[in-house]
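Protein sequences, first through last, are from chains A and V.
Under this note's numbering, the first residue of the first sequence carries the number 1, and numbering increases by one thereafter.
Under this note's numbering, the first residue of the second sequence carries the number 1001, and numbering increases by one thereafter.
Any given hint could turn out to be false.
What the hints assert, rightly or not - Okay, the calculated beta carbon distance ranges per label pair:
1. V/K1129 x A/Q231: 23 to 29 Å
2. A/P43 x V/F1168: 54 to 60 Å
3. V/V1171 x A/G30: 46 to 52 Å
4. A/F159 x V/R1071: 30 to 36 Å
Just so you know, these hints were derived from the structure itself, not from any lab.
Even for Gly, the Cβ is constructed at its ideal location relative to N, Cα and C.
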Amino acid sequence: MSSAKSAATATASSAHSVVEPSPTSKRVAGAIVILYALITLVPLVWIFLTSIKSPPDSISYPPKILFTPSLEGYCNLFTTRTRQTPDYIAALPPPSGVCDAVTRERNMVIAGASNFLPRFANSLIIAFGSTFLAVSLGTLAAYGFSRFKVPLADDLLFFILSTRMMPPIAVAIPIYLMYRQLGLSDTALGMMLLYTAVNVSLAVWLLKGFIDEIPREYEEAAMIDGYTRLQAFFKVVLPQATTGIAATAIFCLIFAWNEYAFASLLTSGSAQTAPPFIPTIIGEGGQDWPAVAAGTTIFLVPILVFTILLRKQLLRGITFGAVRK
Amino acid sequence: MAEIRVDHLRKAFGDFVAVQDSSFTVEDGEFLALLGPSGCGKTTTLRMIAGLELPTGGGIHLGGDDVTYKRASERDIAFVFQLFALYPHMNVRKNIGFPLLSQGVPKAEIKRRVEETAKLLQIDHILDKSVSGLAGGDRQRVALGRAIVRRPKCFLMDEPLGTLDAEFRDVMVRELRELHNRIHATTVYVTHDQIEAMAMADKIAVMNHGIIEQFATPREIYNRPASMYVADFIGSPPMNFLRFSAGLPKGARIARIDGADVQMPELRADVAPGELALGVRPEHIRFSDASPLRGAIYGAEYLGTNQIVTVETAGGLVRARLPAERSYRIGDRVGLSFVADRLSLFDCRSGRAIPSTLHEGTLARDTRHREVRDLEVGHG
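Chain A with its partners taken away, still in its complex shape:
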């Protein structure tokens, strides 16, 4: 994410100068970008370092820069544990793995798997599912708005956008009541539909811009070449809209992945996603910060991978309009 950001910053700063910037100003600009990247990276580094600290190290003051790395946070994240007497632990057979050993040092034994993996899986299913739905519906709607004379198109587009204008907290209670009636509360399908509804407006608006840029001649050529409009859409328009679709997908995914307010209000059990779950990881005698940090670190990985895979498209999506021919 930060690499895309810094590149965008660089583009923006160089766009203002008419002449080729001098080596000195290039160096200064580079230094500023690197500095900015470092500043944005500090919280991420902090989270990662906390995730590999032992619980005492994680709350020591002043914070420890040098410490012995520990996997305790990750072990605690994935397991539930029970306290036992030292005698009981001594009588056990040798530990079967790292986590077993780490846990025994704290006079505890692993009792079973924690809820993190199912919550993480919920997040994956709901975020990717809603992104897929929002982008698919958004692409079709955007194509319709772009190519056909839709009655009241401007009003409809405004109406679509207006769904994003209210804060989640304002609509959460009506949605909660509705979902209870419909049997959708605390279901993955319900969350997927909700995130799709929120994201589809963003998708329609972003994608309409991209599809407007694709000349109609391509579809017309395909239709004359013997294809129906739908075939032309899939064979000619979609391949050219991939940049826009990828950028839109990332924005939708980031929203659905990070969404906290709806998730914490509408899910509590089987459909709970990772964001409301992670802060509830409580160790013995207070918050288990290394486990929370470990959860956050793992939580960052999918979005990081997805963004790196699509970073070229994302960059074009952000600077859309400026770099297109």
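Add chain V to chain A, keeping to what the hints say.
Quick look at chain V alone, frame taken from chain A:
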């Protein structure tokens, strides 16, 4: 290949009428140019023939079938777009083979026909290249390849040379015409460039404000313009108009302009008193000291093979195409004489030509060699 018949075709976008009651027939194997300024309805006409726009009224027949409201994909036509519309995510081979793919042609057959087409257009060496890196002329050829690979009923082209450099456009004009001579495909070609239309077309339809002003061969259009609009649009410099007020009887051979008697082709109709214009092509003007119609040299453009001399007369500026040898001094008084049997007379109010012996059979035969030169001059 097939004949295209357009019957009282009409297209309105809301209150704006783009095409008004157009009727014409493109014979099997004929090359028609739809010529006119932008906004004259030529592209709309073409898009209706293609099925990309539906007409407001009238009909379109393709090889005898009524296709007026058929989908574009069901008409079996090919269209070459102004910006070529080559699919950027496919290479040259896939672009050319794309129309065959929709027809379910087997892969080996597609490969064979794509290669055959590429050879015909001399682009077989770039078949596996990406279309985004191609030069303008090669893009043009690929677009043509995609059009001819399917052997459609007709070709429709919307200003396909519009984006090419002037120098390269000449090459493509020749190539297009040669291609047409080889495959004899019924073609409708939209252009605003009279040179392209004159050089390539068998017939030209000159359009203005949604109306076909004249539908005829290039020679007919140049020599016997049906309206002042056509006379002014075709030819460079355009036809001169000498305006005068008169009423003339059928059989009249003399027009009195600025007190001078000017001989013209014999009229075949009575002309009610009103504003008239005598149309004179620049190459039909000679300087003659004896002529009573006089003016002063206003300027001269030297063109190498000839020169355009502008003369200021009582009726306005007149441009003459004269041999390049003599040079003229600005301000010199000269007399103007015209090639009498090549003049057109127009009614200024309606803008239409008044029938005269000019419009009768023999002209084209008598003056063939002269017309050939006229055309060359027109292109220079």
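We went through each hint and held it up to the structure:
1. The hinted range of 23 to 29 Å is satisfied by V/K1129 and A/Q231, whose Cβ atoms lie roughly 25 Å apart.
2. At about 58 Å, the beta-carbon gap between A/P43 and V/F1168 stays in the expected band of 54 to 60 Å.
3. One distance hint, 46 to 52 Å for the beta-carbon pair V/V1171 and A/G30, holds here, with the actual separation near 49 Å.
4. The hinted window of 30 to 36 Å between A/F159 and V/R1071 holds, with their beta carbons roughly 32 Å apart.
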